[in-house]
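> So the sequences go chain by chain: L and V. The first sequence begins at 44 in the numbering used here and counts up by one. The second sequence begins at 44 in the numbering used here and counts up by one.
Among the clues, some could well be false.
One copy or two, it doesn't matter: identical chains are merged, so the pair holds either way.
[Claimed, not checked] As a list, the in silico EDC-like pairs of lysine to aspartate or glutamate whose alpha-carbon atoms are at most 16 Å apart: (1) Lys134 to Glu55; (2) Lys134 to Glu50; (3) Lys356 to Asp279; (4) Lys152 to Asp175.
Read the hints as simulated data drawn from the structure, not as lab findings.
Number of protein chains: 2
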Amino acid sequence: MTVVTREHALVEQIKEWTDGRFIGDDCAVLPGQQLVTADTLVEGTHFLRALSSLEDIGWKSVAVNLSDIAAMAGRPRYLVVCLTLPRVFSKEQFNRLYSGIIDCANTYKVRIVGGDLTSGPILVVNVTAIGDVHESGCMLRSRAKPGEIVVVTGNFGASTAGLWHLKQSQLTSSKPSAPRFLHCSEIHRRPKPKIAEAWSLVKQTNGQGALMDASDGLADALAQISRASGVGMDIDLQRIPIHIETARLASDARVNAYDWALYGGEDYELVGCVPEAVWESWVNDHDSSENPFTAIGRVTNSGSVQLRIGSKKGPELDIAKCFQQIGF
Amino acid sequence: MTVVTREHALVEQIKEWTDGRFIGDDCAVLPGQQLVTADTLVEGTHFLRALSSLEDIGWKSVAVNLSDIAAMAGRPRYLVVCLTLPRVFSKEQFNRLYSGIIDCANTYKVRIVGGDLTSGPILVVNVTAIGDVHESGCMLRSRAKPGEIVVVTGNFGASTAGLWHLKQSQLTSSKPSAPRFLHCSEIHRRPKPKIAEAWSLVKQTNGQGALMDASDGLADALAQISRASGVGMDIDLQRIPIHIETARLASDARVNAYDWALYGGEDYELVGCVPEAVWESWVNDHDSSENPFTAIGRVTNSGSVQLRIGSKKGPELDIAKCFQQIGF
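Whole structure, please, built from the sequences with the hints as guidance.
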């Protein structure tokens with residue numbers, strides 16, 4: 044076990060203090076095949092009100108929790124929404140925040156069943172999501188097996204690129220500029236939990252293989268699955284999907300786009316491991332055009348995540364670079 | 044419907060925006076007879092670190108949620124614990140906070156199944172509790188009927204008295220003084236959710252009558268039950284239990300002890316309405332010594348809560364004086 048951050052160390056401590064069997068995946072799996080997860084967004088830590096609208100903050104607070112349910116291929120059902128509102132916060136601001144919450148809840152057909160309202164010095168949005176295990180099975184982090192194919196949804200680094208772009212736009216212009224880099228901005232502002240994608244995967248695998256979301260970075264997800272499953276991975280950097288906007292913004296920022304893709308976090312894409320026969324049959328199926336996953340490597344028994352670039356050795360994975368928002 | 048605070052108005056707004064049928068009691072009742080509730084404790088709003096130890100803050104963050112489950116006579120099962128930790132917060136401080144959380148969870152036999160850890164400018168503790176409806180029934184706020192007996196557990200005003208005492212002790216002494224007013228201090232620092240008391244009630248009523256907790260003040264609880272049930276109440280102030288320490292501290296503070304009892308809040312006692320025949324039979328039963336409730340009045344069809352002092356008219360109830368911590 045490698046503890047890479049203080050937060051990881053505290054979660055390990057909590058697992059020791061509690062019976063621990065519920066802790067360590069994106070959601071807790073309760074008796075009755077129920078999934079529970081919670082995430083807090085704190086002003087100044089997870090968002091800046093200068094860069095995100097209140098509607099977007101509301102949306103994101105729900106989306107990040109639905110992404111945790113998607114990470115286990117579950118069906119989200121209910122939300123509990125706790126808001127700590129700044130003491131100066133108008134009814135109109137409250138309406139805008141809550142409209143984003145409701146917009147995301149309605150989009151993914153989940154019901155707000157309760158919560159609380161308190162006041163404090165800053166805006167804090169805490170959401171608990173409750174869902175059901177999918178009838179085809181429950182995808183855990185801990186079931187990856189050597190030989191399986193490592194697959195991902197969407198593309199990586201876009202949220203970090205979007206954040207960089209939004210910050211630059213604010214620095215360089217006093218007026219709102221024409222919308223540019225819409226893909227990256229939208230991914231950052233309103234991440235989409237990959238619920239349908241997770242269901243299509245679990246229907247193929249019947250719960251075999253492994254799954255989690257890449258909320259804390261692709262590198263973190265690969266390392267977490269490897270650690271939980273006691274396996275390694277062989278990942279081809281060239282096969283990690285990167286959007287053209289992300290590549291352009293990384294170039295503008297003089298950053299390696301793969302650094303954003305691996306370590307940026309907040310993309311809320313899925314990272315899974317699928318038995319090779321299942322993957323082959325899915326790819327060769329007449330419905331493969333509906334397959335939302337891309338293969339980026341293979342599970343190994345090496346015990347660590349190795350990166351390559353095509354046939355050449357790639358850089359070392361450095362988990363400490365990952366975004367620090369630790370759920371347990 | 045009387046909206047007495049901005050927070051109440053916002054909850055009414057949320058009920059309009061959502062389907063609303065889950066919102067308005069201490070917990071949401073989900074299909075499958077499951078109860079869910081959440082509460083946030085914010086530094087500076089709900090506690091001051093100068094007056095409460097981290098262990099006490101941890102205990103209280105769990106206890107207030109278990110009290111919401113008790114308020115519907117439910118069986119608490121699981122907790123999700125989300126902590127926003129100040130950026131300067133040592134491992135030893137974390138251990139102390141979490142030991143209070145675990146202490147309360149273990150005392151009431153509930154399991155911590157997940158949560159998250161984030162950082163922020165202040166300490167915020169958010170707990171979601173999940174439980175089951177009691178096999179004898181689910182106690183709601185909305186089922187009080189004229190003629191029923193209004194009953195309460197414990198005594199009222201003790202938490203406010205305890206807080207006043209702790210503040211005074213801090214103001215008047217630079218050294219820790221010998222423990223005094225232990226009942227009130229303990230009620231303030233480590234409130235005890237009245238779970239066993241709620242179960243004994245629901246076994247007697249089989250779910251008839253009404254129940255809630257008095258977390259926002261006895262006056263608030265009486266008004267909420269009246270409003271939700273479309274009834275009134277006739278309450279005899281002299282029968283509201285007040286601890287001798289509370290009376291002494293109120294006298295020292297030159298406050299009417301009934302003001303603390305009615306409006307102080309944070310006592311986490313239960314307030315219920317019980318059919319008269321059920322109450323009579325319980326009181327006359329050979330086990331009545333185990334009855335933890337005291338009768339303080341009767342449900343009426345007047346539509347409002349009337350206070351009297353023995354046979355004389357009492358003061359008007361002023362809900363706006365109640366403690367403002369609004370769950371929904």
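> Would you mind marking each hint as holding or not holding in the structure?
Hint by hint, here is what the structure shows:
no. : hint             : verdict
1   : Lys134 to Glu55  : between (41 Å within a copy, 13 Å between copies)
2   : Lys134 to Glu50  : between (35 Å within a copy, 10 Å between copies)
3   : Lys356 to Asp279 : within (9 Å within a copy, 82 Å between copies)
4   : Lys152 to Asp175 : within (13 Å within a copy, 24 Å between copies)
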